[in-house]
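**Q** Each chain, written out:
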Amino acid sequence: MSEVAILAYGAGNVASVQFALERLGATVRLTADPAAVADAERLILPGVGAAGYAMSRLRDLSLIEPIRAFPRPLLGVCLGQQLLFETSDEGGSVDLLGLIPGQVRPLTPGRGLPVPHMGWSRLSRLRDDPLLDGVEDGAWAYFVHGFVCPDGPATLARADYGGPVPAVVRAGNRWGCQFHPERSAAAGARILNNFLELPA
Amino acid sequence: MTARRIIPCLDVKDGRVVKGVRFHGHTDMGDAAELAARYRDQGADELVFYDITASPEGRTLDYGWVRDIARLLDIPFSVAGGIRSVDQAARCLDHGADKVSINSPALERPELIGEMAQRLGGQCVVVGVDSKRAGDDWFVHQYTGDPEASRGAGRRTLDWIVEAQTLGAGEIVLNCMDEDGVRRGYDIPQLAAARACLTVPLVASGGAGAPVHFLDVFEQADVSGALAASVFHTGTLAIPDLKAFLSDAGQEIRL
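Protein chains in written order, with numbering that gives the first Met the number 0: chain X, 0 to 199; chain U, 0 to 254.
Next up, chain X with everything else stripped away, as it sits in the complex (with noise of 0.2 Å):
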């Protein structure tokens, strides 16, 4: 079964990730040693909390090199996601991993609807990608977040919530979701799973 490896950096809720990995059968390793990132079959990013918090973090442990030249399969969930863009507005002006062109921008979408966007939300699919086989358009994923990825070429699949959430996007070997697939029930269990999948 597959193996992977997930980024413990102190800025992300790791056990839930790592549970849910779990029941899908995955050998899950915990690890902030930039070596044993390199080396990783497939890696997820976490992230819960502040950008900037989270990049000063990769900074001071050494990944930001690592992550940017991994060549496997990479997997950014929620701030994990966001990390993978160029700036993000949070706290000012943070540079991110620069991995996907685009500013993180904070959450605006009116209407009287409460931010953070905390709850379940269906994904509208865009385009067919390996990670989202057997997921349903509609499905319902579950998101918390207050700030938003940028909506552009490398968007798979929106979730709406007063304007287009880029919910799983992807540029060439690195993948995010914006929502919880841990925390996602059937279809969140799925995407995992592909991930899994995934030629490494």
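Keep in mind that the hints were calculated from the coordinates and are not lab data. Ideal Cβ positions, reconstructed from N, Cα and C, are used throughout, including at glycine. Please note that a few of the clues may not be correct.
[Unchecked claim] Computed, partial: chain U to chain X, Cβ under 10 Å:
1) Met0
2) Gly42
3) Glu45
4) Gln117
5) Val199
[Stated by the list, open to error] Residues from chain U that face chain X, not an exhaustive set, calculated with beta carbons under 7 Å:
6) Gln41
7) Ile74
8) Arg253
We have chain X; now place chain U onto it with these hints.
**A** The following block gives chain U in isolation, referenced to the frame of chain X:
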């Protein structure tokens, strides 16, 4: 858009789920993990676990138990009970909880909300508020898990929820104590007043007894989720039937 969330609440005492009426006279409702798995399978959108004795007894909750629940669930859950420091909250998240809910400790030291939001992100900081009517206003109560310790906190509910939001809370759970456990419907006027004050999500708690109560609180108070306990634990309401009813009535519901 997001689906309106149906949230079973498990009040936990010594690993067992208990439920009282208006916070008094607890009765045993079953094993916590067993109930959690059942609600997951029935389509609950989220679960809340309150260790109802932790705060009055001055202890925190059992992290191993949080991890056991996290292993079971593929839906989000929050935990509450005696969390009074950022480190304790962080440990709950490290053990797999998605959110932590603070109530009495936030009243003792409101800065705790900001400290947690700054380190952990506001999205996982829930402030629970126990509120009671007095005249034509509502006031906050604390230490409500223990009838002996329960008392007024000397704050207007609407002032407190706005302060909590300003300090960084990502969600407010408003428990309307006058309605708790009596099953005659959520406190719509109070919840609508709270919704009008807030920009973060609001979850209604206290008073659910019939499917129409959920419909009323979603339609009339525009809350993001509705929390209930005894109606689910006793089997009075089955989650699939409730969700089908709400969906047929035009609410956006995850089926």
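**Q** Using the nearest Cβ pair, does Glu45/U come within less than 10 Å of chain X?
**A** Since chain X brings a Cβ to about 8 Å from Glu45/U, closer than 10 Å, the hint holds.
**Q** Quick check on the hint: Arg253/U CB to chain X CB, less than 7 Å?
**A** Hint holds; Arg253/U Cβ to chain X Cβ min 5 Å, cut 7 Å.
**Q** Go through the hint on Val199/U and say holds or violated, using the shortest Cβ distance to chain X against 10 Å.
**A** At 6 Å from the nearest chain X Cβ, Val199/U passes the 10 Å test, so the hint holds.
**Q** For the hint on Met0/U, just tell me whether its beta-carbon gets within less than 10 Å of chain X.
**A** 6 Å, holds
**Q** Hint Ile74/U vs chain X: min CB-CB distance below 7 Å?
**A** At about 6 Å, which falls below the 7 Å cut-off, the nearest Cβ of chain X leaves the hint on Ile74/U intact, so it holds.
**Q** Is the interface hint for Gln41/U satisfied, with its Cβ closer than 7 Å to some Cβ of chain X?
**A** Because about 12 Å separates Gln41/U from the closest Cβ in chain X, which is outside the 7 Å limit, the hint is violated.
**Q** Hint validation: Gln117/U versus chain X, beta carbon distance must be below 10 Å. Holds or violated?
**A** Gln117/U check passes; min Cβ-Cβ to chain X is 8 Å, inside 10 Å.
**Q** Using the nearest Cβ pair, does Gly42/U come within less than 10 Å of chain X?
**A** 9 Å, holds
Checked against the numbered hints listed earlier, the structure breaks hint 6 alone; every other hint is satisfied.
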